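J.: What follows is each chain in one-letter form.
2 protein chains.
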Amino acid sequence: MEVVEKMIVSEQRSPKIFLSGSIRGGRQLLEIYRLMYHTLEKAGAEVLSWHVADSELEKVEMEMTEEEIYSRDMGLLVKSDALIAEVTVPSTGVGYEICRALVQEIPVLCLHKPDASVSAMVLGNPDPLIEVRAYPNETSLKQIIIDFVMDL
Amino acid sequence: MEVVEKMIVSEQRSPKIFLSGSIRGGRQLLEIYRLMYHTLEKAGAEVLSWHVADSELEKVEMEMTEEEIYSRDMGLLVKSDALIAEVTVPSTGVGYEICRALVQEIPVLCLHKPDASVSAMVLGNPDPLIEVRAYPNETSLKQIIIDFVMDL
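Taken in sequence, the protein lines are chains X and R.
If you want our numbering, it's the position in the first sequence, counting the first as 1, plus 731.
If you want our numbering, it's the position in the second sequence, counting the first as 1, plus 731.
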């Protein structure tokens, strides 16, 4: 019983996060994804989908089939304790992953720049598991992420 | 019994379709969405989300809350027999709706221009309910839609 409790505590200290950002929708926010990744790692989280923040991702995925990419991403999502999505850049994959995470009943944090035109499927979503926040600057972005991880 | 059978036949003749296309992700393919809408109506389908093909949509939605838009779209999706999405323009909402339709276990047809960079969540999706087709021209687009509706 003690061992189980220790495992639970250890798991809580290092929550597994699925980081979701645009890939084929456009990589213009790659530096933000990298900042999110580093903030999460510093906050003690484990980012399972670290490849989203990888500048060499396109090269790696060129060697993979579409089915392999889908299978990798959905396999990681199933193992995740929460999903954090950057939703400023419209992305069909990000929308799909947000929905899958809610079906899986894990917390979802959606972050966007204040001037972004974010989908109503995100902004108007009544699911209590989803939280949507605008970040005016990088300091604010980091703080929102740290607070979210601490609450998991 | 005869009445029930007639109702079933009538329903099959007029399948309810959720047409999904980019709204806040960009309206550059509005004319394609309009063509899809008209093709569906001519094929005997009922397009529940006809607003996606409405050039005045932004004005209408400006009067609605985010929650009202979400609720309208998900309410229509629940009543739909199939979803047809145009996935050329990356859209978080379209990705979300594709996932919801698959969770609801209805057929999903995703259409895109041959040169589009389509998400692996669509192209690599192993769900037997999803079909993804590139259309080289409008004639081909119309034929794919008609064939899909006839098979419902």
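Bear in mind the hints are in silico, worked out from the structure with no lab data behind them.
Certain hints may be false.
Same chains, same label: a pair holds when it works inside one copy or across any pair of copies.
As the list claims (entries may be wrong) - In the SDA-like style, the derived pairs of lysine to any residue whose C-alpha atoms are separated by at most 25 Å in a straight line are: (1) K790 <-> A865; (2) K790 <-> A847; (3) K810 <-> D858; (4) K773 <-> L860; (5) K844 <-> M793; (6) K844 <-> R755; (7) K844 <-> E794; (8) K873 <-> D858; (9) K773 <-> K844; (10) K790 <-> L854.
All figures in this text were calculated on a predicted structure; none of them were measured in a lab.
J.: All hints are to be evaluated individually against the structure, with a verdict given for each.
T.: Each hint, compared with the structure:
1. K790 <-> A865: This pair counts as between: shortest inter-copy Cα distance 24 Å, intra-copy 31 Å.
2. K790 <-> A847: For K790 and A847, the Cα distance is within 25 Å only across copies (18 Å; inside one copy 28 Å).
3. K810 <-> D858: Both, since 21 Å and 20 Å are each at most 25 Å.
4. K773 <-> L860: Result: close within a single copy only, 24 Å intra versus 41 Å inter.
5. K844 <-> M793: between (30 Å within a copy, 20 Å between copies)
6. K844 <-> R755: both (19 Å within a copy, 15 Å between copies)
7. K844 <-> E794: Between. Shortest inter-copy distance 23 Å satisfies the 25 Å Cα cut-off; intra-copy 33 Å does not.
8. K873 <-> D858: For K873 and D858, only the intra-copy Cα distance (24 Å) is at most 25 Å; the inter-copy one is 36 Å.
9. K773 <-> K844: Answer is within: at 22 Å inside a copy they meet the 25 Å cutoff, but 42 Å across does not.
10. K790 <-> L854: between (33 Å within a copy, 18 Å between copies)
Comparing the model with each numbered hint stated earlier shows that all of them hold.
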